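Colleague: Read off the chains here:
2 protein chains.
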Amino acid sequence: MQNFNYFTPTKIVFGKDTEQQVGELIKAQHCNKVLIHYGNQSAKKFGLLDRIKASLDNASIAYIELGGVVPNPLLSLVYQGIELCKQEQVDFILAVGGGSVIDSAKAIAYGVAEEGDVWDLFDGKRQATACLPIATVLTISAAGSEMSDGSVITKDEGGIKRGYSNDLSRPKFSILNPELTVTLPDYQTASGNADILMHTMERYFTPNATMEITDTIAESILKTVMKNAQILVKDPKNYQARAEIMWCGSLSHNGLTGCGGGNGDWATHMLEHELSGMFDVTHGAGLAAMWGHWARYVYRDILPRFERFAIHAMGVTPAKTAEQTALKGIEAMENFFRSINMPTNLTELGVKVSTEQITEMAQKCSIASKGSIGAAKTLYEADMIAIYTAAKEA
Amino acid sequence: MQNFNYFTPTKIVFGKDTEQQVGELIKAQHCNKVLIHYGNQSAKKFGLLDRIKASLDNASIAYIELGGVVPNPLLSLVYQGIELCKQEQVDFILAVGGGSVIDSAKAIAYGVAEEGDVWDLFDGKRQATACLPIATVLTISAAGSEMSDGSVITKDEGGIKRGYSNDLSRPKFSILNPELTVTLPDYQTASGNADILMHTMERYFTPNATMEITDTIAESILKTVMKNAQILVKDPKNYQARAEIMWCGSLSHNGLTGCGGGNGDWATHMLEHELSGMFDVTHGAGLAAMWGHWARYVYRDILPRFERFAIHAMGVTPAKTAEQTALKGIEAMENFFRSINMPTNLTELGVKVSTEQITEMAQKCSIASKGSIGAAKTLYEADMIAIYTAAKEA
Chain A
845 MQNFNYFTPT
855 KIVFGKDTEQ
865 QVGELIKAQH
875 CNKVLIHYGN
885 QSAKKFGLLD
895 RIKASLDNAS
905 IAYIELGGVV
915 PNPLLSLVYQ
925 GIELCKQEQV
935 DFILAVGGGS
945 VIDSAKAIAY
955 GVAEEGDVWD
965 LFDGKRQATA
975 CLPIATVLTI
985 SAAGSEMSDG
995 SVITKDEGGI
1005 KRGYSNDLSR
1015 PKFSILNPEL
1025 TVTLPDYQTA
1035 SGNADILMHT
1045 MERYFTPNAT
1055 MEITDTIAES
1065 ILKTVMKNAQ
1075 ILVKDPKNYQ
1085 ARAEIMWCGS
1095 LSHNGLTGCG
1105 GGNGDWATHM
1115 LEHELSGMFD
1125 VTHGAGLAAM
1135 WGHWARYVYR
1145 DILPRFERFA
1155 IHAMGVTPAK
1165 TAEQTALKGI
1175 EAMENFFRSI
1185 NMPTNLTELG
1195 VKVSTEQITE
1205 MAQKCSIASK
1215 GSIGAAKTLY
1225 EADMIAIYTA
1235 AKEA
Chain B
845 MQNFNYFTPT
855 KIVFGKDTEQ
865 QVGELIKAQH
875 CNKVLIHYGN
885 QSAKKFGLLD
895 RIKASLDNAS
905 IAYIELGGVV
915 PNPLLSLVYQ
925 GIELCKQEQV
935 DFILAVGGGS
945 VIDSAKAIAY
955 GVAEEGDVWD
965 LFDGKRQATA
975 CLPIATVLTI
985 SAAGSEMSDG
995 SVITKDEGGI
1005 KRGYSNDLSR
1015 PKFSILNPEL
1025 TVTLPDYQTA
1035 SGNADILMHT
1045 MERYFTPNAT
1055 MEITDTIAES
1065 ILKTVMKNAQ
1075 ILVKDPKNYQ
1085 ARAEIMWCGS
1095 LSHNGLTGCG
1105 GGNGDWATHM
1115 LEHELSGMFD
1125 VTHGAGLAAM
1135 WGHWARYVYR
1145 DILPRFERFA
1155 IHAMGVTPAK
1165 TAEQTALKGI
1175 EAMENFFRSI
1185 NMPTNLTELG
1195 VKVSTEQITE
1205 MAQKCSIASK
1215 GSIGAAKTLY
1225 EADMIAIYTA
1235 AKEA
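Those protein sequences? They're chains A and B, same order as listed.
Quick note, this note's numbering runs 844 ahead of the 1-based positions in the first sequence.
Quick note, this note's numbering runs 844 ahead of the 1-based positions in the second sequence.
Simulated from the structure, these hints should not be mistaken for lab results.
The structure presented is a predicted model; accordingly, all values stated were derived computationally and were not measured.
It is possible that some hints are incorrect.
Same chains, same names: a pair is fine if it fits in one copy or spans any two.
Straight-line alpha carbon distances no greater than 20 angstroms define the calculated EDC-like cross-link-like pairs of lysine to aspartate or glutamate that follow [as the list claims (entries may be wrong)]: (1) 1067 - 1124; (2) 888 - 1000; (3) 1071 - 1175; (4) 999 - 1011; (5) 1236 - 1204; (6) 855 - 1011; (7) 855 - 993; (8) 877 - 935; (9) 1196 - 964; (10) 1196 - 1237; (11) 1067 - 1056; (12) 1016 - 993; (13) 888 - 909; (14) 1236 - 1030; (15) 1071 - 1056; (16) 897 - 1023; (17) 860 - 1056.
Please model the entire structure based on the sequences and the hints provided.
Modeller: Pasting the structure below:
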């Protein structure tokens, strides 16, 4: 096992009607003016934004608003948010939405608290030294950004999608009311579930020796998400299933599932970032479409790990050889993805990609990652092309 | 399931040689002067205190010292620490030790930051409004205080042991180096392991509907602790086993194992507090001695829960009836306690208790808890007497 740090300072307020506490929770943060940041969809739809504003009014908290965040959130809106916050002397950002809104809020928070171009952080040119405090009211179980240190932003020009992680951006609090996710379209729900699974799997598939407690917690999360994702296919309003998945979404990505195992693999995420940068697909669906092809390309390099995954996470009966067991595990996960109507290749994802576009994505991915990605197996540009091609031709 | 809050702001720095980072970590807290607080045993023994001082010196951090914390830490030393900190203008407390040292540090931290008698908090007379920041270098896996909001202090006069919980006291960071626990006496190691199991079980045995993800994480922790506790009986220097248990100790008591299940039972802890207040026994051993008698007294009230525990945590093959399965689960845990040389009754604990003393403990427990304890089954003074008596006569 490896030494590790674990830091999850975000206060979670979980359950029914918890968004009513938002005013009181922000008041405890002693701020002067709040930016409420949101997207085009869920925040306004069911009166959520009005309920939040009422709670802020009750607590006598001043606020302004900035909507318009899109999936794969754009740098242009981040710049707009930074200007607005500076003009209005905002000192606290409340993100109302899913991962895209929260990631956009984090980027704005860096930009307001610091001098210099915020894109430099995402471009790997410098480290952040300050960040405005943020909080979230979560409306989609998926990204885990409500408890994580990460943010992913897309530069409008060229569709360049880059992530930046820093503990400074971990939210002060996050309000998790599973009821707020009940009205999501089925495809968004399923994509979110794929994303949650992947946040655990990216950490699970490590070449390092790990800790039994971390592995068993990771397997618990995978099994709980799969079981409840299938319940939601048939019964989308099931509160208990929504709650199990929402809490698993935060635990998947707050660091818990990686303790002692090193930094994880993250190759599937890197490959998907280029995909959704170019084609604007839903992140979780893109991950589901890529994962099996990554897994079949790398599993021999960490065979005992894939064997354990097959047996303990996927419930596979061990086959004659470790290799056969591992392959049955990969197949079982792909079958699971299909059972919740997630794609397992690029065609099912609805993406028609040319050979030139695959080369371009691999080149961009290689540049973004300074040459290689992955830990289970180190992948260079030629490997990336092979995996994209397998996902295309499957 | 219940709504819940989850708040674990403590930064964990885990692994070999991590105590060398203490100077740098405190420096990031921007304090003027540190009190190093410790006990009579492990901190000085193997040069740990010297290594910590060297790290503080390297970071140019001023400090003073206060040793002398004993198991079941005393209010008199807390008062002494408060005076010292005020005189010396200490604004940060570093606890080097186990639960007793950390709990003493928390009590001092409240007392320095607030007006009024700190015992009022423990006596339930008021709530804390401030607390100095504290951090810990952990030397015993047991109490979970390194990540929890709790502190337990014993008033010298009358041996009155009381707990107080408040998020203000959660440590800023905790350094968890499993190597620091290798030299513990076997009895202390085993008592710590019993304490860790109990922190999970107190939350697990709830009358409320729970969450699958919380239950499976709790069961993972119980199984991991039991497996590695038995490894340590034969191989006390096993680093991986020490590490698994150390991390489980923090996860057991930071709130994770109770999410969605309500506030837990805690009757065994309350009964044990009176026991170790009167007889000065090791907390974990006292819990092990009491648990089975509590369990047999209450299991019918939450039978499905004890049945699940038997099967999923203890690996019991289901018997003909749920009741038989539940009893097999209780027996299996008692057998486990015996396998790591922990007591399962008061005689094995080395306590000779009279009928009058049992009555006195039950009365004190009843007063401390304002009449009743427990959630699985509400227990009044007569119930407490019955459980103490069963533990005596077993």
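Colleague: Name the hints, by number, that the structure is in violation of.
Modeller: Hints 1, 2, 4, 9 and 14 are the ones this structure does not satisfy, whereas the remaining hints hold.
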